[in-house]
Every structure is written in C-alpha cells, then in structure tokens.
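Engineer: Protein chains in written order, with my numbering: chain A, 2 to 695; chain B, 4 to 238.
Derived by calculation from the structure, the hints in this document are not laboratory data. In this text, all values refer to a predicted model and were calculated from it rather than measured experimentally. Any given hint might turn out to be false.
List time: in silico BS3-like cross-link candidates among lysine-lysine, alpha-carbon distance up to 30 Å [claimed, not checked]:
| id | chain 1 | residue 1 | chain 2 | residue 2 |
| --- | --- | --- | --- | --- |
| 1 | B | Lys-204 | B | Lys-160 |
| 2 | A | Lys-154 | A | Lys-662 |
| 3 | A | Lys-603 | B | Lys-233 |
| 4 | B | Lys-233 | A | Lys-673 |
| 5 | B | Lys-155 | A | Lys-297 |
| 6 | B | Lys-71 | A | Lys-126 |
| 7 | A | Lys-524 | A | Lys-587 |
| 8 | A | Lys-603 | B | Lys-155 |
| 9 | B | Lys-233 | B | Lys-71 |
| 10 | A | Lys-154 | A | Lys-475 |
Listed here are the chains, written in short residue letters.
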Amino acid sequence: MENNIQKVRNIGISAHIDSGKTTLTERILFYTKRIHAIHDVKGKDGVGATMDSMELEKERGITIASAATFCKWQGHEINIIDTPGHVDFTIEVERSLRVLDGAILVLCSVGGVQSQSITVDQQMKRYKVPCLAFINKCDRSGANPLRVINQLKEKLGHNAVAMQIPVGLEADLTGIVDLVIMKAIYFDGDNGEDVRIEEIPDNLIDEALQKREELIDAASMFSDELMEAALEDQVTEDLLISAVRSGTLARELTPVFMGSAYKNKGVQPLLDAVTNLLPCPSDVENEALDMEDNEKSVILSSSPDDDLVAFAFKLEDGQYGQLTYIRVYRGTLAKGMTMVNVRNGKKFKVGRVARMHADQMEDIGKIDAGYIGALFGIECASGDTFASPGMSLTMTSMFVPEPVISLAIAPKDNKSQINMSKALGRFTKEDPTFRTHVSDETKETIIEGMGELHLEVYVERMRREYDAEVSTGKPRVAYRETITRKAQFNYIHKKQTGGAGQFGRVAGYIEPIAEEEFLFENKITGGSIPTQFISACEKGFRQSLAKGPKMGFPVTGVKIVINDGASHAVDSSEMAFQSAARGAFKEGYAKAGPVIHEPIMKVVVETPTEFQGAVMGSLNQRRGMIVGAQDEGPMCSIESRIPLSEMFSYSTVLRSLTQGKAQFTMEFNAYKQVPQQIMEELVEKAREEKKNVA
Amino acid sequence: MLKNDLILQNPLRLMGYKAEEILTPGGFGAVLARAGVGKTSFLVQLSLNSLLKNKNVLHISLDDPVNKVNLWYREVLSRIADQHNIEQTNQLVETILPHRFIMTFRVEGFSVPKLEERLSDLTEQNIFSPQMLIIDGLPFDESIYEPLSQLKTLAQKNSLYVWFTMRTHRDETMGPDGIPTRLIKVADLFEVVVQLQPEGKEIHVKALKGEGADSDHPSLLLDPATMLIKDQTGR
C-alpha cells in the first residue's frame, strides 16, 4: 500500500434514485481495472452491478446498503463509500457522510434536480462536504445539461459552472469538450476505454469559447493569479484547475461534468476531476472530542506517525463474519497492534486488516491515516472510536439521548422470530438510540427509538435484510410523570396476619428537582430507622419510580428526603421497610401535584420558499411553537418545537403539502408538561385500554 | 411574578418617556451605532421589555441565522436575570417564547413585499400576530427610501411599532442634530432616534430625536461588560 496522503480521495457518490449512481460506480471500477467486465444494473446476464452486492439489490436494480470500495486512478487511491440514499436522518446515514471528504452529486440530464437531489444536497451541506456534479444520461432523449446547470443554481443555490460541454446530445452524443484543455474527448473501444483527444468540432468552437470564459470568470474569484492571467490572456491549465479546486474545497463553486455512464462517455474525465478537484484527507479538518476534558474538541493531525484515532462507521454481516468498516483519522492501524475501544475502555488486538471491494476483499497489513479499511471479528458497535491505549479521544459524542417513542412488534412465523432476534441484536449494536426489550405486562417485544421514521426504517430493514416479517402495533410516546411541589409523607406499614408481622414507619418529604432524575437523601438522626434498613427504604422508593401512581409512566425529577420513622425490634425487616417506602411514596406523590410530561421535539423543515406558509400552518396545527424562519435563497428552513405525539405521519402530510419538495429533521429537545386537556384525553385513553384488556 | 419584577426594574423607563411605549403605533425608532457597539443587544432589550408585557415581537435579522438570534435573547435574558438574582431563567424563556417569532433573510433576498407575504402567512393562519417589529441589519444606503416608506405603510396598516438598527461609520458626516446626513431624507419617518456612543470606557445612550432628546433626565449607559442598559447610578 502506498503512503502518500495527498493522493488519497475518500468520496461518496450521491444521487436521486435511478439517476445512474450504481452504473456510474460500475464504470469507475471498470476503468480503474478493479473489475474486468461490465454488468449492468438490470443486465440480461443476470450478474448485476458489482456495488450491488445484496441479492435483493441486484433483483430490483437499486442499492440498499452502503458498501465501501477502493480503486486506483492515475496514481491516486480512491475509496468510494456508497452512501445510503434514503432520506431519514438516522445515525447511520450521518456516520456514512462523516467519513467522506468529497462527493460526486449525480444528476439526470432529463430529470434534472429532483426532490431527492435536494435532500442529498442538504445532507452534503450539513456536513460541509465539497462536491462536484456529474450530469448523467446525456444520451437520453430530452437531455439538456445546461438546463440542469441552471437548476443547480436556482434550486440548490450552487455556484455551478460547466467544465465541459457535450458533443452532440441524446442519441447523437459522441463525446465531450473539455473547457480547460479546449479539446474534444471521444471514447472508443467496446467499453469506451480508449480515450481519443481531438480538436473541437467547428460548430462547437463559439459555444466552447463562451463557456470557457464563464468558467474563467467564476474561477478567478478564487485566485488573484488567475484573474491577472485572464486579463493578460495567459490562462494556463494548472492555474485554472487550481482556482476551481480552491472554489470547490470552500464549497463556493460546483464544477459540473457531463456524459453518459451507460454509454461509457465522460467517466474518465470525471475520475480525473475527482483526483484534481476533490480534497485529500489532509485538506479536511477533522475534530475529535476529548473525553477527559469535558468533550472539548481537538483538531486531529492527519499524520500516520501519531497515536491512533480511528472510527468504525459501518458494520456488516457478510460471508466473512462481522466486518467493521473503519476510517483511520490519525496514526496507523496495523495488524497485531493493541488498541482500545474508547466507548467501553476494552483493549484488544487487531487481527485481519482488509480493504473491501464491494463483496470481495483483499488483505492488507495496515491502514494509514486518511484511509478506509475493514477489520474482522471485532466486538464493537458502529460509531465507536478506536485509539491507542491511554488515549481518550472520541469521534462522536458519548451522549446518547433516551428513546422517545416505542412500538410493539410481533413476528409473523417461527422463522421470522429467529431472524427478528438476529436483526434486533445487530441493530442495537449499530445504533445506540435504538433499543429493545420485552414488556413485563404484555410479553410483547418492544422497540424504542428517536422517532416514528427511525423505527419504520428498522422494521423495513428487518424485512429486507433479515427476511423477518413482523407486524407492528401503534407507536407510543414515552410520557413521563413528575411532581410540581413539595409534599410531606408519614406512612406506617403494619401487617399482623399470623406468622411474623411486618412493621415500618417512613416519614419525610418529596420535592421536584430539575437536574436529576432521582435523588435520595437520608436525614434521619437518632436511629429512628435503623441504618441497615435505609437502603431498603431507597430501594422501595426506586421501585415506585418505574411506574408512576398517576398514569403508570416512569417518574423522573423527584427528590426524596427521609427524616423520621420508626421500627419494631421483631417485626421490622427489609421487606417491611421497602413496602413502607412504597406506601410513603404514594402518599407523598398524590399531594405533590403530579403532572405528565411529554417529549417535545425540535423539528426543522427545509422547504422551497413558496410552501413556507403552508408548512408553518401545518406545524402550528400540531400544538407547535415556531421559533423562527430562515430564508436561504430558494429554500427556507423553519424551526419549531412540537410534541412528539403530534408528529405521527407528518412526513406524509409534508410530502403532500409541498409536492415532496420539503424535508424535515426531528430531534429530541426536552420534556414538557402536557396541557390539561391533553392529559384528560390521555387518562381517558388509558382507562379504555384497561377496560379492553380486562 | 418574575416578569413583573423585571418590568419594574427596566431602566428604559428612565429615558424620559411618559407613555408606556416609546413609539406610537405605526411609528419608527432607530438605534444608531458603529459596528460592534451593541445595537443588537440594545434592541433585544427593547424587545424583551415588550415580551415581558406579553406583547408579540417579530424579530427580523438580515445578519444572523435564527439560532444566533435565539442565543442573543438567551444571553441577554440570563444576564438580566443574573443581575436581579432570578434563578429560573429557563422558566422565563418559556414564558416569552410564544410571544416571539424570529425571521431571518439574506440581505439581498429581503424586500418589503416579501416580508408582507410572510407576515400574512402568519397572521391569516393565526400563527402569530406581531405588535412590534425589530429589523436588524437593514442596510441604510441610497436606495433605502422606497423600502422604508413601504414599511411605514405596512406598520401603519397593522399598528406596529418598528425598531431598526442603523450602522454608522467613523468618518460619517453628521447633521446638526447628530443624525447622519445620508439619513436626512428619511429622518422624517422616524419618531425616535437613539445613538450608542462610546466615550472612554462607557457607552452612552443618547436620544437624538424624540421626547428623550430634550428631556433633562439623566442619560443611560450600556454596560460594555454585560451589554445591558443601566442608568448613571448603575441600576
């Protein structure tokens, strides 16, 4: 493995469904000689494209799971991370995007900028990923790359500039004109592998000159040297490329390439552009958090000689067992070395280190900083950071929010039952915000997560990847109970029904606290409750928290202080004091103004401005409070706080309101008190459910 | 109760205005200062003063994103709360949030018809009806007359009080009343003009136009450490 970080590119290829992402990847792998035959996505040979390694993907012609693959072009090493195209902002998508240094945004020359391109673009923006655009399918009838460039400007607000123009269009597409070298490029041979460079056809010279001027104009904003050279009419290729690169890395310029992957046209120049224009790992600043210094952010050097910091971004169950895709940010990860999983402090030795190429692999001895590789048989979850022993840097915050929504699921048959538990085991490892347990009362399997969509994605993945057919119940919001004022309790537990009696008196007060979920304080003096029973009292109170007396939701934000009590020499026992504490809790709780709290979500909708009014209306109807609206050119984003219980099926509503052009993200914000009217509805609902169960 | 405490202690009352509101409905006020002196902070305090009285404020920023504006409010409010030893800042924030709406535009994307459209989106659906408008970051250049007069019509139609920030420059020529000469043409539109003037270690709040201008009340200061308004006694 070579070791020049300047020549490494970690890129993603992002696109709207059906704009030819997989075909393009396939061609890239062919021209970089990673594969020796081209299989089309929906090809007649039944082999399917190389990146689509899952059966289902080949069958349907779509790419579902992400894979990382590696290839070489002009002395550069390119890692292609196949980013999941689905919109939902689960932790997994976030992680895939995190490891990219640059991206190719693939657009269809007929369809142009479609709603999902908008989504994909937003994701790139959020993670500040520099990108270049490739307008694919220029051989299709109705192809119009110039219109797509305009859409890039208008709909996505990119400063898009053509780097090429097509020679012919639709069925007559024969090649492209490169506006940097001012030559026409044709692609000969059975698979377009022979690149032939010719003079620009006469009929295109004027257009090429005009577009080149536009390109120089746009690029000279990023280089004074180029601007001077342009004034003196002495623009060189290197000057122009370096200016375009500066603009691209700053995300202020989007160079646009074109061609047709299916017809083998324009792919090699695109690869040149990836090596010339997209950043290498050391061009990008990566931050880690120092666990020992209050998660303070630390900029990582990209030196292979420093201590190791590596990030596991994807787990895969494959034919080789559990595979952990990993990106090394700093230092070198080599076979046989010892490293620590920063999340749990576990040390382990590195076994096999490999480089993946869709579903084939290649053993390598080490992974240097900036590179992507895979490890075998490592016990970890995705999102874990590995570091040299003694280090406490982590790539992601250790804060994992509590789930806010739950769903009961049931397998449809025996086979699904087994597959479902496999799937749940895997998902909980991949995603710390996804949890599962079996309900004590109903014996159903409950899955919990951060939102309706979050759970839906996993249910769908169970079906697709694990062949587990499950039926789902209605989603339930994780309500909580808490108190609003201080109240005293003084409870005597007494039982004398034959045999040993039970006696215990517990007195004190209960009060609300904001900072913690539960606090227990013992202020007993003089031994009115003997020391050995204090822990039994605490246990009794803790037991009461699991199910609040008001509506059976977990109780949080409560401080309990005991300051008096009584015991009996014979009849007092741990059991007796636990019961006394439970009784005392009930007594105090009822007087302490108990209320129900519900999770409030921070909902941000990104929508084209023309739908702003309608979107705000839809948020307002959901007991939402709109914090503000931000105008960002053609799009605007609206930030609001909305109770989770009102957000069910919002994605459908939003889609129909905005012709599918808006998207929203939702994250947990805080727990807040449920308004009186809603609380009454909840009580009523709970009563009815109880009746139904009975 | 918390709210009442803060309303009573608001030093703006000392500026010499007899009426509850400094502006009349449909009236314009402006805060003039050089960059970085505290215009936004001053306006946020004016806004908070109204919010604490349950008046709805629409805060429009052409410089900062929503999150940053939000942060301004939290900061200013927590400093005010600190000053008055009020612990439950969060509770205070919760009570004012429903009365505040932040809207941000890019400078080049802002126009009065656009604002009017957004405003009717909000009012027609009963989402939010502002009583006060804060416009932060509007560039007061040669072309300002037309949008300002459009805004005036809008403000009068909806009985809005409108406050602007106006950035001045070091080498700007001033008229006799201290108002920059480039604003003479639009000066009539404004009822109140306040200037933040750094003098030594202090920032003086001077009324250039309006009732406060000729009153003999002590002038106010903006504490450079906290960016809070205080009177000469430090309250």
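Engineer: Now tell me if each hint is right for this structure.
Structural biologist: Comparing the hints with the structure gives:
With a C-alpha separation of about 42 Å, the suggested pairing of Lys-204 of chain B with Lys-160 of chain B is violated against the 30 Å cut-off. Distance check on the hinted pair: Lys-154 of chain A and Lys-662 of chain A sit about 16 Å apart at the alpha-carbon level, within 30 Å; holds. For a cut-off of 30 Å, the pair hint linking Lys-603 of chain A to Lys-233 of chain B is broken: about 35 Å separates their Cα positions. A hinted pair counts as satisfied when its Cα atoms are at most 30 Å apart, and Lys-233 of chain B with Lys-673 of chain A does not qualify at roughly 35 Å.
Taking the CA atoms of Lys-155 of chain B and Lys-297 of chain A, the gap is about 48 Å. The hint is violated against a cut of 30 Å. The straight-line distance between the Cα atoms of Lys-71 of chain B and Lys-126 of chain A is roughly 19 Å, inside the 30 Å bound, and the hint therefore holds. Taking the CA atoms of Lys-524 of chain A and Lys-587 of chain A, the gap is near 20 Å; set against the 30 Å cutoff, the hint holds. For the given pair, Lys-603 of chain A sits about 35 Å from Lys-155 of chain B by alpha-carbon distance, which is inconsistent with the 30 Å threshold.
Pair hint Lys-233 of chain B plus Lys-71 of chain B holds up; C-alpha atoms about 24 Å apart against a cutoff of 30 Å. Taken as a hint, the Lys-154 of chain A and Lys-475 of chain A pair is broken in the structure, with Cα atoms around 43 Å apart against an allowance of 30 Å.
Checked against the numbered hints given earlier, this structure breaks hints 1, 3, 4, 5, 8, 10; the rest are met.
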